[in-house]
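Reading the sequence shown from the start, the letters are residues 1 to 440 in this note's numbering.
Calculated directly from the structure, the hints in this document are not laboratory data. Check before you lean on any hint, since a few could be wrong.
[Said to hold, decoys possible] Here are the simulated lysine to any residue pairs, SDA-like style, with alpha carbons at most 20 Å apart:
1. K194 <-> S121
2. K194 <-> L415
3. K273 <-> R253
4. K194 <-> L123
5. K310 <-> G248
6. K165 <-> P175
7. K165 <-> R126
8. K194 <-> G418
9. K310 <-> A242
10. K273 <-> E304
11. K194 <-> R172
12. K194 <-> L128
13. K194 <-> F127
14. K310 <-> A241
15. K273 <-> D307
16. K165 <-> R148
17. K45 <-> D196
18. K273 <-> L386
19. K165 <-> L128
20. K45 <-> G170
21. K194 <-> R126
22. K45 <-> W72
23. K45 <-> R148
[Stated by the list, open to error] Each pair of labels, with its calculated beta carbon distance range:
24. E251 <-> R122: 53 to 63 Å
25. V220 <-> S121: 23 to 33 Å
26. R193 <-> D389: 46 to 56 Å
Here the structure is a predicted model, which means the values were calculated and not measured. Glycine included, every Cβ here is placed at the ideal spot set by N, Cα and C.
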Amino acid sequence: MVNGIGEQVRIDLPTVACSLEDGIVDAVAAEPVLTIARVPNPDPKRLLLLFSDTGGGHRAAARALVQTLNEWYPGEFEPVMFDPLGGPNSAWLLRRISGLYGFSIRFAPWVWGSIYYSSDSRLGVRFLRSTLLALANRPVAEAVAAGRPAAIVNLHPLTGSAAVKARERGCRETPVLTVVTDLVNPHSSWHDRKADRIVVPPTAVGWARRPKRLGPERRVEIGLPVSPPFAGGVLRGVQRAALRRSLGLDERRFTVLLTGGGEGAGGIARRAKAILRRFDDVAVVAICGRNRRLREALDELAAEYPDRLKVNGFVDNMAEWLRCADVLVSKAGPGTIAEATCCGVPLMLTSHVPGQERGNTEFVVDAGAGRHTPSVRSLLRTIDELHRDQSTVDAMALASARLGQPEAAREIAALLAGLLGITPPCPSVPEQGAPRDLAS
Numbered sequence: 001m002v003n004g005i006g007e008q009v010r011i012d013l014p015t016v017a018c019s020l021e022d023g024i025v026d027a028v029a030a031e032p033v034l035t036i037a038r039v040p041n042p043d044p045k046r047l048l049l050l051f052s053d054t055g056g057g058h059r060a061a062a063r064a065l066v067q068t069l070n071e072w073y074p075g076e077f078e079p080v081m082f083d084p085l086g087g088p089n090s091a092w093l094l095r096r097i098s099g100l101y102g103f104s105i106r107f108a109p110w111v112w113g114s115i116y117y118s119s120d121s122r123l124g125v126r127f128l129r130s131t132l133l134a135l136a137n138r139p140v141a142e143a144v145a146a147g148r149p150a151a152i153v154n155l156h157p158l159t160g161s162a163a164v165k166a167r168e169r170g171c172r173e174t175p176v177l178t179v180v181t182d183l184v185n186p187h188s189s190w191h192d193r194k195a196d197r198i199v200v201p202p203t204a205v206g207w208a209r210r211p212k213r214l215g216p217e218r219r220v221e222i223g224l225p226v227s228p229p230f231a232g233g234v235l236r237g238v239q240r241a242a243l244r245r246s247l248g249l250d251e252r253r254f255t256v257l258l259t260g261g262g263e264g265a266g267g268i269a270r271r272a273k274a275i276l277r278r279f280d281d282v283a284v285v286a287i288c289g290r291n292r293r294l295r296e297a298l299d300e301l302a303a304e305y306p307d308r309l310k311v312n313g314f315v316d317n318m319a320e321w322l323r324c325a326d327v328l329v330s331k332a333g334p335g336t337i338a339e340a341t342c343c344g345v346p347l348m349l350t351s352h353v354p355g356q357e358r359g360n361t362e363f364v365v366d367a368g369a370g371r372h373t374p375s376v377r378s379l380l381r382t383i384d385e386l387h388r389d390q391s392t393v394d395a396m397a398l399a400s401a402r403l404g405q406p407e408a409a410r411e412i413a414a415l416l417a418g419l420l421g422i423t424p425p426c427p428s429v430p431e432q433g434a435p436r437d438l439a440s
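Model the full structure from these sequences, guided by the hints.
Right, dumping it as structure tokens:
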């Protein structure tokens, strides 16, 4: 049966539980059970999410938005993730250049920095869009023509112009929503006057000088989106002990989590080795991302310290690893900071990628949520201090949690739904779903 609001309703009739005792049959009628299951929307609104795997933050933000839409608007949207810079449908030259991003930030960050700063201006962006980035116009236009999306969501600074051009060619009524995934100093290429809305983190001080260029009616201040699992806050005591046991960690040992974003950057192997050799009672968990060489090196090190070193590549339970850690050691990636602060983890920031991560370390340190530990010596000294002083760790964890914005993804989802005239339903049991990749 279908009720008046389009939901399928099943009524389970009373069942009879029978028992035999001394030859007497005792029949007990159970209460009727009312089960409500949503009927899938026969015509969900397709969303085209533009991202690129230059670092892990853009894909993570896209997935966070998809998971939130599935939870709060079940069946209303059909998300399609598309990488016009490095995906199989992208231009060969763009694929080659975007593929060099990981190598450059690990081994020659000054090269990336010089490219970033030389293009971080209105003139530089105009030149990029008329030359190299013009190669992204065709694949995005083809994806829009083939999918006819109800909205385009841009989550990368170098794909926003292609999104707007594709909309103007064939779907003029399709709104374009840009979600800035940089934390403090977004690049000028994030800005496009023809985007319907641009979501900017309130921490983006660099854009405070651009109200006239952006327009206050189209600029919306919302934090970086993180997936629902990161919104659970800080774990302590029995809950953390249970989580550590489930992950194979010693529940009492001081635990340091090492990560370097999607590229595994930041000298993780050197720092892991120094921590393990300096301390006898500290555990290390290393998340290597897509960096295979790093994982191989750490696997060898784990043979020396099997009880105190755990090595992982990409993980789908990063929120759990964050919540079981006493401190996080990482480069100052915006996505990592957003996720860690939602989990209330103190941060020890070792480095930053020149350009988009500039200012992130100062933002965290000034808030009391972390420390700057650029050298191995300063890292060891800080770990020693925190290991001895739990009250300082607790204070940093509280400051970290204050920076977290776990509702950001929900606010962005509501903004997107509002652009399409959809009101948020009251969710029952969250319906988890995975985005479909256009290339698969």
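Verification of the supplied hints:
1. K194 <-> S121: Holds. K194 to S121 sits at ~18 Å (cutoff 20 Å).
2. K194 <-> L415: Holds - the C-alpha atoms of L415 and K194 are around 17 Å apart, at most 20 Å.
3. K273 <-> R253: holds (17 Å)
4. K194 <-> L123: holds (17 Å)
5. K310 <-> G248: Between K310 and G248 the Cα gap is close to 9 Å, so the pair holds against 20 Å.
6. K165 <-> P175: It holds: about 12 Å lies between the C-alpha atoms, which stays within 20 Å.
7. K165 <-> R126: Roughly 14 Å separates the two Cα atoms, so the pair holds.
8. K194 <-> G418: holds (18 Å)
9. K310 <-> A242: With Cα atoms ~17 Å apart, K310 and A242 stay inside 20 Å; holds.
10. K273 <-> E304: holds (10 Å)
11. K194 <-> R172: holds (11 Å)
12. K194 <-> L128: holds (17 Å)
13. K194 <-> F127: Distance ~18 Å between K194 and F127 Cα, so the pair holds.
14. K310 <-> A241: holds (17 Å)
15. K273 <-> D307: holds (14 Å)
16. K165 <-> R148: The hint holds at about 14 Å.
17. K45 <-> D196: holds (18 Å)
18. K273 <-> L386: Roughly 19 Å separates the two Cα atoms, so the pair holds.
19. K165 <-> L128: This hinted pair holds, its Cα atoms lying about 15 Å apart.
20. K45 <-> G170: Holds, at about 17 Å.
21. K194 <-> R126: holds (14 Å)
22. K45 <-> W72: holds (14 Å)
23. K45 <-> R148: holds (10 Å)
24. E251 <-> R122: 53 to 63 Å: The hint (53 to 63 Å, Cβ to Cβ) holds, given that E251 and R122 are roughly 54 Å apart.
25. V220 <-> S121: 23 to 33 Å: Check passed, 24 Å falls within 23 to 33 Å.
26. R193 <-> D389: 46 to 56 Å: With Cβ atoms ~51 Å apart, the hint holds.
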